[in-house]
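There are 2 protein chains.
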Amino acid sequence: MSSKKKNRAVELVLTMGDPSGIGPEILAKAVREANSLEDISFTIVGDGDVISAAFRDFCPGVSLSGDPKFNLVDPGGELGDVIPGKPGEKGALKALLSIEKAAEIILSSSDPGSKVLVTAPVCKAEIARVRKGFVGHTEFLQQAAGVPFVTMAFVGEHLRVVPVTRHVPLRNVPSFLTKDLVMGTILQVVEERRKMTDINDPAIMVTALNPHAGEGGKIGNEEKEIIEPAIESAREIYPGIEGPLPSDVAFYSALSRPGSIVVAMYHDQCLGPFKMLDFANGVNVTLGLGFVRTSPDHGTAFNIAGMGVADANSMFMAVKTAVRAAAYPSGMDTNL
Amino acid sequence: MSSKKKNRAVELVLTMGDPSGIGPEILAKAVREANSLEDISFTIVGDGDVISAAFRDFCPGVSLSGDPKFNLVDPGGELGDVIPGKPGEKGALKALLSIEKAAEIILSSSDPGSKVLVTAPVCKAEIARVRKGFVGHTEFLQQAAGVPFVTMAFVGEHLRVVPVTRHVPLRNVPSFLTKDLVMGTILQVVEERRKMTDINDPAIMVTALNPHAGEGGKIGNEEKEIIEPAIESAREIYPGIEGPLPSDVAFYSALSRPGSIVVAMYHDQCLGPFKMLDFANGVNVTLGLGFVRTSPDHGTAFNIAGMGVADANSMFMAVKTAVRAAAYPSGMDTNL
Chain A
27 MSSKKKNRAV ELVLTMGDPS GIGPEILAKA VREANSLEDI SFTIVGDGDV
77 ISAAFRDFCP GVSLSGDPKF NLVDPGGELG DVIPGKPGEK GALKALLSIE
127 KAAEIILSSS DPGSKVLVTA PVCKAEIARV RKGFVGHTEF LQQAAGVPFV
177 TMAFVGEHLR VVPVTRHVPL RNVPSFLTKD LVMGTILQVV EERRKMTDIN
227 DPAIMVTALN PHAGEGGKIG NEEKEIIEPA IESAREIYPG IEGPLPSDVA
277 FYSALSRPGS IVVAMYHDQC LGPFKMLDFA NGVNVTLGLG FVRTSPDHGT
327 AFNIAGMGVA DANSMFMAVK TAVRAAAYPS GMDTNL
Chain B
27 MSSKKKNRAV ELVLTMGDPS GIGPEILAKA VREANSLEDI SFTIVGDGDV
77 ISAAFRDFCP GVSLSGDPKF NLVDPGGELG DVIPGKPGEK GALKALLSIE
127 KAAEIILSSS DPGSKVLVTA PVCKAEIARV RKGFVGHTEF LQQAAGVPFV
177 TMAFVGEHLR VVPVTRHVPL RNVPSFLTKD LVMGTILQVV EERRKMTDIN
227 DPAIMVTALN PHAGEGGKIG NEEKEIIEPA IESAREIYPG IEGPLPSDVA
277 FYSALSRPGS IVVAMYHDQC LGPFKMLDFA NGVNVTLGLG FVRTSPDHGT
327 AFNIAGMGVA DANSMFMAVK TAVRAAAYPS GMDTNL
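Here the protein sequences line up with chains A and B, keeping their order.
Counting with my numbering, you get residues 27 to 362 for the letters of the first sequence.
Counting with my numbering, you get residues 27 to 362 for the letters of the second sequence.
Rather than coming from a laboratory, the hints here were simulated on the basis of the structure.
Be a bit skeptical, because a hint or two may be false.
Each pair may be met inside one copy or between any two copies, as identical chains are not told apart.
As a list, the in silico DSSO-like pairs of lysine-lysine whose alpha-carbon atoms are at most 30 Å apart [claimed, not checked]:
| # | residue 1 | residue 2 |
| --- | --- | --- |
| 1 | Lys158 | Lys127 |
| 2 | Lys150 | Lys244 |
| 3 | Lys250 | Lys158 |
| 4 | Lys112 | Lys250 |
| 5 | Lys244 | Lys205 |
Only chain A is shown next, with the shape it has when bound in the complex (with noise of 0.2 Å):
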């Protein structure tokens, strides 16, 4: 388990997001950030021009055509004017047909580990009235990879954390807990971890879903029924799982414990306290793609597109994150 690989050259795909946004101007930035790491090349996916103006105006000194570390894809199909702040259809499209495409490149790779992805901001609505049923990033790349179960991570320099059920009514989360849910959310979490910590065996601690861990079944019994049964069957395979933790007490204790992972039960549970201490810098992360891929913990801000003011750390940390995780796979230390 703790065998430790030598660094590895890592090809980074990263897609444009939406042109609209602040997406291409973070990628350059981040791009110029990431540039002085070893054994990295970049193919960066999205519209020519978009990506092309992009670099020149926050990544001068790269040339996109002239070094073999870089590599421009344009998916094709026709964008048009690009208005900052103002998304449209064809920018959405755009924007998919870039996912779409860097999705393909990583899949059909002989060495997907090797590959890893980060993806900026798209608008989904906007890219659901031109592809009936698009929900997200996650739901999508899940079906492009054709994997059943994937699980939504978040890194920030503090905590990490994973939410159980994601964008659910709360009236229905605890309906959506099963025992094999909340086992295979561990599981997955306990397989992938080094996508999240540098720590090979981290602590890895999971909350109850009522307040006070449901003080012994006085405030409800899920803990009873599923949590506890979840975690007994989960250890026979990992030692170090502990729970279920009254949630306020778990987050808290998580910040002394180097690497260790929250597994929480619904979205507000899980990031309230995780954007408490990782509001600007947190970095999504998918787990059970079948390879990395890593997203910013932030929207497209059309509100400050086109302005040059875009904080690209998120964008960075993404970078950074997915990278670290495909050359390190078994948790060697690195500087990154």
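We have chain A already, so just place chain B on it with the hints.
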């Protein structure tokens, strides 16, 4: 609303909590700190021997019998031997009698506003054995004061938060939420905001129930059906009410809004973010009693009772918060 009252003398009424826990120790340590505050007197309610021993060890230099600032009140009842870390029925009963006596002192006063109650932690389960139906200080004091509706607030260095529902199984939270309950909680916070903050007219930020505030109805309807109408009605009385906000956004934003108060829908949504930053110094404030009551946001800590190592910071913060609210009811700037 912002007319400034002068500092006024405050009588601190403190209860010892469970004598086998850290209550007497943190009480004495907090009084030692608070003794330098001006215009304060202390009425300490608990077992005479236990309190005297705690003051001898942790508040040297104070004579409980010889100093007119201090008043020791023993509520009577046999206590017997106290074994640190080992709660029992006699200690629980004495703790309960102390709360009863303290409430009586305040409620029978001709000027309850000049008196504040600070309670050290008790063992609820143990008290419930000697007084059926006891569930906690808050409910007990609500009954003693004869008030229909109280709210539990949490005040920390970074955040001030109020849950609309408290120890409710998550499954039942949506059915507990009504427009009246949400509005009643908001308006009690408006009315008693001076117990939580120095700022006269702070922003009051109300969270949504569902992820992303329901995304316009896609992820739940409680925002439209319950929370928005409650906010609109409450805004007629106090304009500075915002929401419903996605909870992760509300708590993070509150960090940069001095004195702001977050009203959240349920326990973990509220206390997860709060405890990330204010775990060690949180103060519990009961709103709606007709007098000021605070307590430290932790329990009896039986595991370290009798060792002399208990951290009294939260207890001291509870004292400071209570004194500030009573001495400056109109929000005058204080050095407290």
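Results for each hint:
no., hint, verdict
1, Lys158 with Lys127, "within (18 Å within a copy, 67 Å between copies)"
2, Lys150 with Lys244, "between (41 Å within a copy, 13 Å between copies)"
3, Lys250 with Lys158, "between (40 Å within a copy, 26 Å between copies)"
4, Lys112 with Lys250, "between (50 Å within a copy, 28 Å between copies)"
5, Lys244 with Lys205, "both (20 Å within a copy, 26 Å between copies)"
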